[in-house]
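Novice: These are the residues of each chain, in order.
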Amino acid sequence: MPPSETQPRFRSRSRWGHFSVQQAPLLLSFAILAGTFGVYVGLFVANQHHFLTPFEGQSIVNTALPLVFAAVGQSIVVLTRGIDLSVGGVMALTNTIVASNMHASTGSMVAWSLIGLVIGAGAGLVNGCLIAFGRLQPILVTLATLSIYTGLAIKVLPEPGGAIPVEYTKYMANVNGPWGLIYVAGLLLVWFVFRRTPFGVAVYAIGNDQAAARASGIKVRPAKVGVYVFAGTLYSAGALFFSATTLGGDATAFDPFILTSIAAVVLGGISFFGGRGSAVGAVAGAFALTLVTPLLFQANVNQLYTDAFQGLFLVLAVVLAGLVGRLVSARA
Amino acid sequence: MTERPVQTILDGTEPRTSRAIEASGVSKHFGGVQALRSASFSADFGEVHALVGENGAGKSTMIKILSAVLAPDEGTVRVKGDEVSLASPLEARRLGVGTVFQELTLLPWMTVAENLLLGNEPLSRTRLIRRRQLPARADEILAGYGVEGIDPLELVASLPLAQRQTIEIVRTLLRDPEILFLDEPTSALGEREVEWLFGLVRDLRERGRCIIFTSHRWGEVVNIADRITVFRNGEFVTTREHMDEAEAVTLMTGRTIERMYPELPRPAQDAEVALDVRDLRGARVDGVSFQVRRGEILGVGGLAGQGQRDLFMTLFAARRPSGGEISVGGKRVRLRNPHDAIDARLGIALVPEDRKSEGLMLPLSVRDNLSLVVLSRVSAGGIVRRLLENRMVWRMVERLQIRTRRVAVQEVGTLSGGNQQKVLIGRWLLAEPDIMLLYDITRGVDVGTKHDIYQLMVDLIREGKALLFYSSDTEEMAHVCHRVLIMREGRIAGELAGDEIDAERLVAAALKEHAAV
Numbered sequence: 001m002p003p004s005e006t007q008p009r010f011r012s013r014s015r016w017g018h019f020s021v022q023q024a025p026l027l028l029s030f031a032i033l034a035g036t037f038g039v040y041v042g043l044f045v046a047n048q049h050h051f052l053t054p055f056e057g058q059s060i061v062n063t064a065l066p067l068v069f070a071a072v073g074q075s076i077v078v079l080t081r082g083i084d085l086s087v088g089g090v091m092a093l094t095n096t097i098v099a100s101n102m103h104a105s106t107g108s109m110v111a112w113s114l115i116g117l118v119i120g121a122g123a124g125l126v127n128g129c130l131i132a133f134g135r136l137q138p139i140l141v142t143l144a145t146l147s148i149y150t151g152l153a154i155k156v157l158p159e160p161g162g163a164i165p166v167e168y169t170k171y172m173a174n175v176n177g178p179w180g181l182i183y184v185a186g187l188l189l190v191w192f193v194f195r196r197t198p199f200g201v202a203v204y205a206i207g208n209d210q211a212a213a214r215a216s217g218i219k220v221r222p223a224k225v226g227v228y229v230f231a232g233t234l235y236s237a238g239a240l241f242f243s244a245t246t247l248g249g250d251a252t253a254f255d256p257f258i259l260t261s262i263a264a265v266v267l268g269g270i271s272f273f274g275g276r277g278s279a280v281g282a283v284a285g286a287f288a289l290t291l292v293t294p295l296l297f298q299a300n301v302n303q304l305y306t307d308a309f310q311g312l313f314l315v316l317a318v319v320l321a322g323l324v325g326r327l328v329s330a331r332a
Numbered sequence: 333m334t335e336r337p338v339q340t341i342l343d344g345t346e347p348r349t350s351r352a353i354e355a356s357g358v359s360k361h362f363g364g365v366q367a368l369r370s371a372s373f374s375a376d377f378g379e380v381h382a383l384v385g386e387n388g389a390g391k392s393t394m395i396k397i398l399s400a401v402l403a404p405d406e407g408t409v410r411v412k413g414d415e416v417s418l419a420s421p422l423e424a425r426r427l428g429v430g431t432v433f434q435e436l437t438l439l440p441w442m443t444v445a446e447n448l449l450l451g452n453e454p455l456s457r458t459r460l461i462r463r464r465q466l467p468a469r470a471d472e473i474l475a476g477y478g479v480e481g482i483d484p485l486e487l488v489a490s491l492p493l494a495q496r497q498t499i500e501i502v503r504t505l506l507r508d509p510e511i512l513f514l515d516e517p518t519s520a521l522g523e524r525e526v527e528w529l530f531g532l533v534r535d536l537r538e539r540g541r542c543i544i545f546t547s548h549r550w551g552e553v554v555n556i557a558d559r560i561t562v563f564r565n566g567e568f569v570t571t572r573e574h575m576d577e578a579e580a581v582t583l584m585t586g587r588t589i590e591r592m593y594p595e596l597p598r599p600a601q602d603a604e605v606a607l608d609v610r611d612l613r614g615a616r617v618d619g620v621s622f623q624v625r626r627g628e629i630l631g632v633g634g635l636a637g638q639g640q641r642d643l644f645m646t647l648f649a650a651r652r653p654s655g656g657e658i659s660v661g662g663k664r665v666r667l668r669n670p671h672d673a674i675d676a677r678l679g680i681a682l683v684p685e686d687r688k689s690e691g692l693m694l695p696l697s698v699r700d701n702l703s704l705v706v707l708s709r710v711s712a713g714g715i716v717r718r719l720l721e722n723r724m725v726w727r728m729v730e731r732l733q734i735r736t737r738r739v740a741v742q743e744v745g746t747l748s749g750g751n752q753q754k755v756l757i758g759r760w761l762l763a764e765p766d767i768m769l770l771y772d773i774t775r776g777v778d779v780g781t782k783h784d785i786y787q788l789m790v791d792l793i794r795e796g797k798a799l800l801f802y803s804s805d806t807e808e809m810a811h812v813c814h815r816v817l818i819m820r821e822g823r824i825a826g827e828l829a830g831d832e833i834d835a836e837r838l839v840a841a842a843l844k845e846h847a848a849v
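Just so you know, the protein sequences line up as chains A and B, in that order. According to our numbering, the first sequence is numbered sequentially starting from 1. According to our numbering, the second sequence is numbered sequentially starting from 333.
Calculated directly from the structure, the hints in this document are not laboratory data. One should not assume that every hint holds.
Sample of chain B residues at the chain A side, in silico, Cβ under 7 Å [claimed, not checked]:
| hint | residue |
| --- | --- |
| 1 | Leu422 |
| 2 | Glu423 |
| 3 | Leu427 |
| 4 | Thr437 |
| 5 | Pro440 |
| 6 | Trp441 |
| 7 | Met442 |
| 8 | Leu450 |
| 9 | Gly451 |
| 10 | Leu460 |
| 11 | Ile461 |
| 12 | Gly481 |
| 13 | Asp483 |
Backbone N, C-alpha and C define an ideal beta-carbon position, used for all residues, glycine too.
Start from the sequences, fold in the hints, and give me the full structure.
Specialist: Spelled out as structure tokens, the structure:
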């Protein structure tokens, strides 16, 4: 079998064609983000008669950052056909421990940030080991550990309190402009690298078909543990950003992240059956979800209805995704 | 590819080729089912060895044990002369064993390139995968194996089965195994792909490799095997160099089958037109017109993947047509979904080929699978009347000779492939359709069951049913159809009828029409 150099390469469609068909949900998540942002800016300009100022920019980005990190962590779990409900507990535990210990010195801030990340990794390690070696359902394991981690957080900080030094905010959530986008860029870089590692390949392969992945020589269990550790670390990073903007600790403040991180994954076009989608979509989804609150404010809707509107937004997005999916498969 | 010379052959001290792999006294049971009973098997380097037997004879189990996917209950396995106890497929692979399993192990939502290069991706100096290089590398690999017409950027899930099987084979060959198992590699392949595969297999044999394959198509076995081993009911029967088909069938089934294909009764001259299709259009169906009369078997032939499947799906209303007319029993009908098609007044049933993904619910019982479509007929007020249901189910089990003792508890997944297929056919027979669309229903089915199915088809046309038939086995197509339409790119490109139908003409017609494009 001589490999022929002159073999004409068969392509059923162009590279971009393949990308647009295979990544239609990802493209849609960006369309949704663009649409939401457009409506928000439109309402803002109509109300305020000027364009967004750096204040609005930093406000949106800093509010979005915790969810962005949590959503990317959740994405990686969902890509392996799992789900992680413990995200709220991991974030609460990180937040309360850091808020109870951090001082205004650089050394303390760096050290406690790193400790925070280690806490997330450790919590993820417990999840991962139970799921991979205990052969338990991710939803059951993380439901249980959610309670455990939240319980520990309440033990650390029974009432909202603690203190995060104001200096920390300067680094993590610069108030003079949307500089937090640098962290988003960093996160995307991490994702980009992850996708190009054997670990990244393993994550997708496991989500596609665990048995086939194993038959192809992928070490499924270590990869799964790695997934939850990675995810836990990202949740903690999200919790650090949250701490920096709220300047305190609160064990009960993180429950909403369970649902919103999953919602961001859905908006990002990641399949709940695993193996399909990109965390880049979840980043877009997290921003779109975050924009709903200021958008409703500009539209003069009572803040009490925010949750309901976020839900409605989600349903609309999913319906839209279904329609686009059908259109694409009809064209393909 | 790295060349690993097989020493024992090359140094010439060995008069014959040497033993590659050997199993002796191997037993394996699953629950109460004894899949292998102290079975033995051996194959040598430099030979193509066919392992034949009915579904459930233990061929796949033996292959899985020799590839270390399953551990034997007892018995020993020797690879290249050394007794081994293989703990994982990975370990078997290190010893030079490569296996193409019946169930594909591709990752559906990853691209062809990602699948081919899984675990062997091109890396940059920073040890990161160079994703942009994947398609070009995959192109090289595919071209190296003479595979054309597969886009490495395509998702595996969107490829037709034959191409998926091709990728699976290439992926296994890439590791350059010394001992290659191919478990029913051809059941998903078309004529040309089978030729391609056999070309590769002959090449491997010349290079001193050991190839073991299973197939239910006797023509293929005779074509390529140097030796044939027969298994029956989990036991080794014999290994021989020569065997004729009748002898093989007797050894495999334990019964003598006079003639494989039945005598087809001709449809009555004035038989009513059961199904009249005019200018049907839809996805990959392009202006198809034909009629089938009661008592007639109409074949839909042509090369694999020319829209036959799409035509069947459209007729069953699993796909929506974009134009054209369908008349059933002389009356024009509009089908919106399969439920309409099954409806007693129209009575169109589709028996699909992929019994695992499109038909049976493997964890459910034989009874639940059989009665699924007709539950409403044995229900009163939304409650299933078990007594009626059981009676109906048992009648079908007896009629089709489905080998099961406890219809209400035995999971369909534990039946052998042939019996699973019978359950699927039985389900649709219970719906008492007038028109049955039989899509490759004998694929991966053993010779005894095939014989039963042909006999059943004859019974059905005697009852006045009209059958539309597609098979990936051209020989079979030639023997069980009154007429055969040749499909090409969604169109009817020709028709053969009566005595002019034989396998060679069918292939010639399919190829000729293809070449004319």
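Novice: Does each hint fit the structure? Answer for all of them.
Specialist: So, going through the hints one by one against the coordinates:
This hint holds: Leu422(B) has a C-beta 6 Å from the nearest C-beta of chain A, less than the 7 Å allowed. Because the beta carbon of Glu423(B) sits about 11 Å from the nearest beta carbon in chain A, more than 7 Å, this interface hint is broken. For the restraint placing Leu427(B) at the interface with chain A, the shortest Cβ-Cβ distance is roughly 14 Å, beyond the 7 Å limit, so the hint is violated. Interface hint at Thr437(B): satisfied, since its Cβ lies 4 Å from the closest Cβ of chain A, which is below the 7 Å cut-off.
Annotation: Pro440(B) was flagged as interfacial toward chain A, and the flag holds, the nearest CB pair being 6 Å apart, inside 7 Å. With a least beta-carbon distance of about 5 Å to chain A, the hint placing Trp441(B) at the interface is held under the 7 Å criterion. With a least beta-carbon distance of about 6 Å to chain A, the hint placing Met442(B) at the interface is held under the 7 Å criterion. Look at Leu450(B): its Cβ gets to within about 5 Å of chain A, closer than 7 Å, so that hint holds up.
Interface restraint check: Gly451(B) against chain A, minimum CB-CB distance 5 Å, threshold 7 Å, status holds. Satisfaction of the interface hint for Leu460(B) is found here, the shortest Cβ-Cβ separation to chain A being roughly 4 Å, below the 7 Å cut-off. Proximity of Ile461(B) to chain A holds as hinted, the smallest CB-CB distance being about 4 Å (cut-off 7 Å). Using the Cβ-Cβ criterion of 7 Å, the hint placing Gly481(B) at the interface with chain A is satisfied: the shortest such distance is roughly 5 Å.
For Asp483(B), the interface hint holds, since its Cβ comes within 7 Å of a Cβ in chain A; the closest pair sits about 4 Å apart.
The structure fails hints 2, 3 (numbered hints given earlier, in ascending order).
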